[in-house]
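*Asks:* Residue-level listing of the chains:
Protein chains: 4
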Amino acid sequence: MGLNPVIEMLGRRLRLAVIGGGLGSFIGAMHRQAARLDDRYEIVTGVFSSDSEKSKQAGLELGLAPDRLYASVQEMLEAEAAREDGADVVAIMTPNDSHYQYSVAAVEHGFDVICDKPMTNTLEEAEALHKKVQETGLVFCLTHNYTGYPMVRQAKAMVDEGELGTIRLIQVEYVQGGKAEEGQDLPPELSWKYDPVRGGPSMVMGSIGTHAHNLARFITGLELAEVSADIGSIVPGRVVDDYAGALLRFENGARGTFWITQAAAGVENCLQIRVSGTKGTIEWMQEFPQTLTFMPLHGSSQNRTPNGPGTLPLSAHSSRIVAGHPEGFHEGFANIYSDAAEAISARRTGKEPNPLALHFPNSWDGLLGIRFIDSVIKSSEANGKWTKC
Amino acid sequence: MGLNPVIEMLGRRLRLAVIGGGLGSFIGAMHRQAARLDDRYEIVTGVFSSDSEKSKQAGLELGLAPDRLYASVQEMLEAEAAREDGADVVAIMTPNDSHYQYSVAAVEHGFDVICDKPMTNTLEEAEALHKKVQETGLVFCLTHNYTGYPMVRQAKAMVDEGELGTIRLIQVEYVQGGKAEEGQDLPPELSWKYDPVRGGPSMVMGSIGTHAHNLARFITGLELAEVSADIGSIVPGRVVDDYAGALLRFENGARGTFWITQAAAGVENCLQIRVSGTKGTIEWMQEFPQTLTFMPLHGSSQNRTPNGPGTLPLSAHSSRIVAGHPEGFHEGFANIYSDAAEAISARRTGKEPNPLALHFPNSWDGLLGIRFIDSVIKSSEANGKWTKC
Amino acid sequence: MGLNPVIEMLGRRLRLAVIGGGLGSFIGAMHRQAARLDDRYEIVTGVFSSDSEKSKQAGLELGLAPDRLYASVQEMLEAEAAREDGADVVAIMTPNDSHYQYSVAAVEHGFDVICDKPMTNTLEEAEALHKKVQETGLVFCLTHNYTGYPMVRQAKAMVDEGELGTIRLIQVEYVQGGKAEEGQDLPPELSWKYDPVRGGPSMVMGSIGTHAHNLARFITGLELAEVSADIGSIVPGRVVDDYAGALLRFENGARGTFWITQAAAGVENCLQIRVSGTKGTIEWMQEFPQTLTFMPLHGSSQNRTPNGPGTLPLSAHSSRIVAGHPEGFHEGFANIYSDAAEAISARRTGKEPNPLALHFPNSWDGLLGIRFIDSVIKSSEANGKWTKC
Amino acid sequence: MGLNPVIEMLGRRLRLAVIGGGLGSFIGAMHRQAARLDDRYEIVTGVFSSDSEKSKQAGLELGLAPDRLYASVQEMLEAEAAREDGADVVAIMTPNDSHYQYSVAAVEHGFDVICDKPMTNTLEEAEALHKKVQETGLVFCLTHNYTGYPMVRQAKAMVDEGELGTIRLIQVEYVQGGKAEEGQDLPPELSWKYDPVRGGPSMVMGSIGTHAHNLARFITGLELAEVSADIGSIVPGRVVDDYAGALLRFENGARGTFWITQAAAGVENCLQIRVSGTKGTIEWMQEFPQTLTFMPLHGSSQNRTPNGPGTLPLSAHSSRIVAGHPEGFHEGFANIYSDAAEAISARRTGKEPNPLALHFPNSWDGLLGIRFIDSVIKSSEANGKWTKC
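Residue numbers (our numbering), protein chains in the order written: chain F, 1 to 389; chain C, 1001 to 1389; chain W, 2001 to 2389; chain D, 3001 to 3389.
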């Protein structure tokens, strides 16, 4: 990464308003760090909790100006839209059931939006939100952060450049163990995940399944045609689902599998993908993100690393550092934020963004994710019948 | 491994007759090395090729006595059955379509049998052979050699001992790249694999799918209830299938996935399994067979190694060496041979074998493998419908 | 990490002045990102280049106020010391030969200091600077950033807690390939590394040797007694050294080795350490920083991960994220900055810092690093004679 | 590996007489399995213990003919030398202090010899034995078995072919934990290791140091010029040494380090080597022997595997199996035995051996190993002074 394109275009940092992500929240801190890392955003306001006192307390502890700590999201959006120096962008990191309403409200007030995944809880909401984003021309960035890792982007670029040939086989899995224990409670700020009304029709798909789905689409550039799936709950006494498996058929004829669970006792955060084309196979594991294994059809298996030999421009664009110095989850997340910042600044100034900065997930990706959840559930209910995506 | 139980029981090595595995054959050399490693067998005769001249030549090059090099399998079985010092055991390593006939002939002549997988090409043959083996009480050993690795046996023993709790989730995959190239010919001695008549109803299932299926059953001790599958050919112009995916439901309610292919360009021999129970998860990869990763529900991930801390008796029984000295494919294969030797010697002498030696795959395992192939094909033909196994 | 202790103590972020690290500089961007990540610093001014025009340009591109872009370090220190809202801390990331002068100047103007390693180019300077820091009571933080990784801190905490028993054996190595090519030029901004006057008496020791030395001391808490060393240049035509090896004797009787080079063609950034005590051995590799392997005397080898089972408080303090989400070089570097920020804020407010925040390297560590360089060179010149450290 | 060259040349297997390696012995079983794997030897006799009753019992349990079980080595050598069908080769796997006498006796009776390392306990013996071997022209094979691994031989071949360019830097280490516990007793059959009279002047050098030394020489083809060393005992109360470190200078100017210990608690059998040349670096670890990492100066890091892409003839010669099927310690050991068998058969028949079979360690390698032990001890006694090898 070179100069700061936001300062270059706007003459200042983007002003960010935050919804959700109170002080105890892991994902809230992550969003703020991601916004800060490349110095393209300044957090100017936020509603961090539905409890307005807690929200204000959080804002003060984050060093925000007291006069920009509002009692509600609605109040914040109106006040900031009215300020000369008001926020440019709204970042949403609330439980799933409010992504839709806050996104729509932000868009309606003219803000660009950065929103946590899944985009919405229903297919109807997803379609409506995508339509609204398209109509307004605003930037909508969905934080499928795993697509921000340099070696995921290297993988995508290798596929785009034809280094793998025609893609034939795709295996993607996302296995966690955090919800493996029977009767285990979640911390209060995450308890909505066990509530199908707030967390959406599928805990496991909303939490990690859309990440896996998005990762496969991002790297391969392929869209799913149909799916044969099984989804359910393996931990006794649970009302939300905790595993899903699917067989995949892509539009180009490629085949694949998809396997996700949060009930694999002892596993940390194992998101993995293997993609085979006519010219070779690549493998990537989130827990060792700085290695992309490339197994060419003829030739030794190779370990590609960030800014190592063979680095393609999209990957180089996504790394801050010389080879051998690991970047991690924060940097990948920050890449999504920083690319969105460039797109937003370009939109606001009418300037041309770096095309390499336009690979962050958007509302179309979000809509496809919700459609995929819907198809998996339908196929599972239909005894594994192949179902359109 | 301690003293030689075959010499202890019989006062001599078992006399082995070989069918198939001519001099250029990888699998033939492997069988012979496996038989030799622990000094429990002496190869005394063999029909190595359907061409009787080539067969005799091979026998001479292997140092066999000229008067025990026969013109046909039939002649060998009769002559050896009639000799005072005739063979005890017949090992079969021919193309799939002759496993049934040679196994039946060997059993009918009173020989114990060691046979390559898959057991037969049809379900009818598998049922008939299993019935015949049961009726005769002879030993029938199927060389699902991957179950011979010390850490696979450690995994099985950990499940048996309850170290994983109740098994919930099983992922097994076997990915190879050897048949990824379009238009690629096989060496002549393997060309039968591309011939559905000789290789059986499914190349990929017969070659590697039954290994993956057997491995999952061996480690977990669970039987499959039903399967939802997709099988086909991804490499253009191929008449045999080269990938299969399946979602799995086990009799105890556990869920899982199964993914196999021989068309993943650049991949060598990636057989992997992950099994999660209520108390933890284990992972094993054939390409690094000396490590079994154990992730307990509470506690750090552990690397279990052969004869390292926590080694259970079945694993210790299956390793010849102190910790840190890798054993490989040969030793795993030899474990199958050596355990079968102990069972055969016990049967022939009426003595008690070591119970740890009785974990080699048998005709029941072979029959279930063929049933699994059948179920996968039927489910795939029925649009992914869940199908009994 | 919880609330922002700097805002808690000071009611605002620390104001940071930067010396060096112009726009093309890798290390400059790293320092700024490290300062920014946890929101404890605001960069308010800087002299980024000895060319005052370039320096101002850089400041503008970083979004700094034009009236705080000075023509020289001297001018900056004076002006900022005089301002009501002047900088609190000076961060120095210039070539090695100016660390001493800028550090002394900063300290003399009353600033706390964060300085890149090695602390100085001569032992005399190191002793003088350390003495001055001690006299003033200011905070001096040396960016041996590798000690900021969560699993390095876990290693230190495990040693401190006695989990390894008495330390006996230490192997540390730092192997890079970036300077393996004969006749290869460095980019202009790094060309001082090949100049013994600017880069110091030993390129390889100054660049990476002090990191390895510091890492071993940090984790084990042991001090070196004496060293037997060999240092030189293996790439023909080079006037600075590019490898050094040493045998180590620690004050408690532990033994070890030290091996560093920048001439190992193809290697990226391989800093590794293995420490054995009476109760077990730990291994850590910078290129896979989120794993700390712990091999207990009795028990399976374990993979410790950030915030995974067994995490000790110092490691938990040093990680922002739940287990399975890799942190990297930036986060480790940021930990050094953030801990220094806490110490500085506590000093300025007379409050008690969190004791876990006091593990950043300081001027004593810097002095010992320079002494180590001196001892290695002396031993090597004395034909490997054991030499005091 | 193709046809059996011993049967091709001799018309039969080599007849092997064994000295040492009684039934409880790990190394005895290993030698016998290594001899058996490729069917080039038939064990015909042996003296397995200095207790003649135990020795005979062992012979019977190994299935040897009672009339070839002798009361002493002397008797065996005489009787077998006199038989028409007597042994061809003597394999020695006794404690170190008898290697010399048995080797000399075997050679004097005209037997080819396979002997465990270290070759002798004193430099005088080593020189005398090497001289005697040279004078007789018999084959003397020293079982530095690690040089038999396919990827070690691939490494050697890559160096020989110039794929690494000029070798500059060599790091070799051999770290074990089996002797880390204070006051820990060895099993009776290994207790001689703690006895300097029987085990030789250095336990750690004789047990593992000569392996590491030989491995570095084998792969690089370079000879050591001088060494600066430190050797001693780190476990309290021990009379034999358990660690040694050395800095290395090779005849071509290359530099390196050597570090060995048996006191690293919890480590299994970590023999590792890294070799850097002008064109790249290779790394190999014994615990994962099927991977050779090659990091070219320009280009991605590669994982070379047995019979994978880029396999050179010496490596292909040393593997029995297609890529992806791990071979281990036994197969490496067997390669030494099998190559020696080919050399012995060629000598006895006056035929030409395959030149690829002539890379097993011999008495010259053995002599250099003993010289290296001597130099390490002398340098350590001389306060680290550089000492000729």
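Hints were generated in silico from the structure; no laboratory data involved.
Since the structure is predicted, the reported quantities are computational estimates derived from the model, not experimental observations.
A couple of the hints might just be wrong.
Said to hold, decoys possible - Covered, in the sense of this in silico footprint (three residues per stretch, anywhere, with C-beta under 8 Å from a C-beta of chain F), are these stretches of chain W:
id	region
1	2034 to 2043
2	2245 to 2257
As the list claims (entries may be wrong) - With a cut-off of at most 20 Å between alpha-carbon atoms, the simulated EDC-like pairs for lysine to aspartate or glutamate come out as follows:
id	chain 1	residue 1	chain 2	residue 2
3	W	2378	W	2223
4	C	1279	F	135
5	C	1388	F	381
6	W	2385	D	3067
All residues carry an ideal CB built from backbone N, CA and C; glycine is no exception.
*Asks:* Would you mind marking each hint as holding or not holding in the structure?
*Replies:* Hint check results:
no.: 1; hint: 2034 to 2043; result: holds (count 4)
no.: 2; hint: 2245 to 2257; result: violated (count 0)
no.: 3; hint: 2378/W / 2223/W; result: holds (18 Å)
no.: 4; hint: 1279/C / 135/F; result: violated (51 Å)
no.: 5; hint: 1388/C / 381/F; result: holds (18 Å)
no.: 6; hint: 2385/W / 3067/D; result: violated (61 Å)
The structure shown violates the earlier hints numbered 2, 4, 6.
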